Amino acid sequence: MSHHLLDEIRTLSRREVELCYHCHKCTAGCPVVDAMQYGPDLLLRMVSLGQDEAVLKSRDIWLCVGCYICATRCPNDIDIAVTMDTLRQTSLARGYPAGERDALLFHRLFMGVVQRFGRSHEAFMLGLFKVLSKVPLMIDVPAGIGLFMRGKVPILPERLRAPTQVRQIFQRSKT
Amino acid sequence: MNYSYYPGCSLHSTGIEYGLSTRAVFKHLGLELNELDDWNCCGASSAHALHPTLAVALPARTLSLAQAFDRDLVIPCAACYNRLKGADLAMRNDSRIRSQMESMLGFQYAGSVAVRSVLAVLAEDVGIKRISEETRHPLYGFKVVTYYGCLLVRPPEIAQFDDPDNPQVMGNLMRGIGVEVMPWSHATDCCGGSLSLSRSDVVQNLVGRLAERAREAGADAIVTACPLCQVNLEMRQTSEPKIPAFYFTELLGLAFGLPDADKWFRKHLIDPRPVLMSLRADGRVAANLKR
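Heads up: the protein sequence lines correspond to chains A and B, in order. Here our numbering runs 629 ahead of the position in the first sequence, where the first position is 1. Here our numbering runs 56 ahead of the position in the second sequence, where the first position is 1.
Do not take every clue at face value.
[Stated by the list, open to error] Only pairs whose alpha carbons sit at most 27 Å apart, straight line, appear in this in silico DSSO-like list of lysine-lysine:
{"hint": "1", "chain 1": "A", "residue 1": "LYS759", "chain 2": "A", "residue 2": "LYS654"}
{"hint": "2", "chain 1": "B", "residue 1": "LYS298", "chain 2": "B", "residue 2": "LYS323"}
{"hint": "3", "chain 1": "A", "residue 1": "LYS759", "chain 2": "B", "residue 2": "LYS323"}
{"hint": "4", "chain 1": "B", "residue 1": "LYS319", "chain 2": "B", "residue 2": "LYS199"}
{"hint": "5", "chain 1": "A", "residue 1": "LYS759", "chain 2": "B", "residue 2": "LYS298"}
{"hint": "6", "chain 1": "B", "residue 1": "LYS319", "chain 2": "B", "residue 2": "LYS298"}
Worth flagging that the hints you see were computed from the coordinates, not collected in a lab. Bear in mind that the values here come from a model prediction, so they are computed numbers and not experimental data.
Using the sequences provided together with the hints, build the complete structure.
Right, dumping it as structure tokens:
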């Protein structure tokens, strides 16, 4: 079985990463590139060169917000946003710690809440995130209270039939 | 006209006024929204970040519910719209994904449901002419910039919505109710929504720049069509004076003279009523706001 990252990306996301000729349109348009270590086009190059560990441990793959600017502008039709998803999934599958711990925590909590209730549930989510993340505890508490006072974060989840079926979907998608 | 309706999670919580104003505007125009019974979360940005199968399966379940009705499926939230439309296209164009979903969810994909945004329905099925005719209080002199964010327009092969670089639909609707739409270059920039909790520093920069550029464009407010953008724009502004973010449906409702407009505005994190009041004091906006 091949463990070359380039092959893995090609199989999983069906994207031809090596078509990149580094025009930098993706990097120039990326809204979060300032916070990244490498930026999207350099990351693609590193994938092609087999620098798996540096790519998969980088914070960049977790900072991608999925805005699709890069994918929309790429002259070679590389879906860089989907490639970023695949890099995250590969990074987790190979057991690397996430380069942005709290970004992964957010995604996991969100999916956990959806698995449990069938829908997102802000009060639950925000509470768990505040306790488990490294973001200082009091940040966003005033905003959270503001939302609550305006009746925007219901405490009790809605009662639905969906959760049973949604849990089934989670189970089946794992196999 | 009769539509199926998928509000999505935000419209039952942080984006509640988007749901209320959408329902009120549709009712006023004689359009019926039938909320799908028992819908589930679309998976938002977290499902596709971690699990490609769930990213299709979660919206596919909701699509399977919509299939029972011979109606278009209307979606206000830009992220939900993108996920449901993407799942529909994946099942439509990829037989492998289609059969995987059919066996996982126990349904037959018919491809009979058109997935549409509220913005598209109002622009295409109702039209600017009717919107103008319904306007009792034209919002003359009210200056806004329109903000679409990412997921209504990108990726264009999924969103299939207007011009992905220079969309006009929301501006046309706003001009229809007398609003002055200011030109700016940031209508489809990203607000950083999915990092809002984990990297609020990054997001404050993105939102701060959007607010600054909106002010530079001479706008009194930003008009959005996405509940994630709206709450992010209001929650992550740090410098004063803050610029309020409206849902386009709220301004339609206000211009139609709908009595509940005031209740929607009370839900905002940045109270937009001072801006509207000052316009009314100028005699520029005949807003039906309570003092």
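Okay, the hints, checked on the actual structure:
1. LYS759/A <-> LYS654/A: Not OK: LYS759/A and LYS654/A at ~36 Å, beyond 27 Å, violated.
2. LYS298/B <-> LYS323/B: With Cα atoms ~16 Å apart, LYS298/B and LYS323/B stay inside 27 Å; holds.
3. LYS759/A <-> LYS323/B: holds, 23 Å
4. LYS319/B <-> LYS199/B: Cα-Cα ~22 Å, so holds.
5. LYS759/A <-> LYS298/B: With Cα atoms ~26 Å apart, LYS759/A and LYS298/B stay inside 27 Å; holds.
6. LYS319/B <-> LYS298/B: The hint holds at about 20 Å.
The structure fails to meet hint 1 from the earlier list, while all remaining hints are met.
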